[in-house]
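Chemist: Those protein sequence lines, which keep their order, are chains A and B. Using UniProt numbering, you'd call the opening residue of the first sequence number 1 and step up by one each time. Using UniProt numbering, you'd call the opening residue of the second sequence number 1 and step up by one each time.
Just so you know, nobody snuck in bad clues.
Short, incomplete list of chain A residues facing chain B, as computed with Cβ under 8 Å:
(1) S14
(2) Y17
(3) F55
(4) R56
(5) R58
(6) Q133
(7) L144
None of these hints come from the bench; they were simulated from the model. Bear in mind that the values here come from a model prediction, so they are computed numbers and not experimental data. Even glycine gets a Cβ: it sits at the ideal position worked out from N, Cα and C.
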Amino acid sequence: MRWQTTDIDTYQQSQSYVDTALIPLLPVSLGEEMKMKVAMGEYISLIAMEMEKQFRGRMMQLPPLSYPQNEGVEELLQHLNAWVEELKANGKNHIIWLTSDPMWKKYEDEIPGGLLLWLPHLPIEHLDPQLRQKTINDQMKEILPTIMKEWRQDKGS
Amino acid sequence: MEKNHNVSRRQFLTYTLTGVGGFMAAGVVMPMVRFAVDPLLQADAADDMVDVAAVDELTEVPQAYDLEYEQDQGWHIEQVSETVWLFLEGDEVVALSSVCTHLGCTVNWGTDPDNPEQFFCPCHLGRFERDGNNVPGTPPTEPLHRYPLEVRDGRVFLGTNAQPQI
Ligand code: FES
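Pulled out of the complex, with its shape left as it was, chain A reads as follows:
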């Protein structure tokens, strides 16, 4: 489900089925790496949309968490923890952080709440629409087992 008024009624009626939150992590920079960061953000947003489409009955796609590239990891982790608290208090036992930011790979073990879904950024903005869709579909095929694995871990409900 999406963070949209049209989806919220359904959400409220079926809350107990929606135990997963999806949050994209997007670095922002207006400096040298700006173009790269924009492309990365676009890619991750497309994947997030596609994941929402495939798993909408169990997954709530939240607005992305963006941060300036130079923000300290400690502060970011603290922020993530605040999120986890809010989400867990509302029955979201699986939290999926979706990103291409290489920085997070180093902190995989410290990321709270569930799954760090780190994807290498593919420059699909140069592809024609059909090839782009195919690339995303292929990516989704790889994501599916990871999500299933996360769901198989019973985290209480």
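Once you've looked at the hints, dock chain B with the ligand against the given chain A.
Modeler: Frame of chain A; chain B with the ligand shown alone:
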């Protein structure tokens, strides 16, 4: 020097008011144009079947195809892409929607190792028979929806409105 570059208050007001006025005029005129043109658009929409596959690619085993079309949302045109399961039932082509009738996740064919001959929904383990009927005891309470379909010159054309099959 500097003086020339400054926009006087009067100029500023003139520019902005013309701009705003233009918008307002457009707001009045656009719906009129729309009303005038709409019947034409509607007539076109009647035969909105979309070509998705060749009949001779199909088998008894359901395969996934993309149904792509544009949807007019009133304020913008949305590019829609839906996954459709196509297969043969005898000589007949069947097109099932991939949207789980429980809460809308995407179902796949044969991905549950215990039930290789069924559609499977990863979200809450919903299952459907090959003909789309929901398996009792799993969360979905109605069969997968079916697309209206026509075969023309060996190609499968689908309507964009999958229908409940009860
Ligand atoms: S959405 Fe398919 S079983 Fe719940």
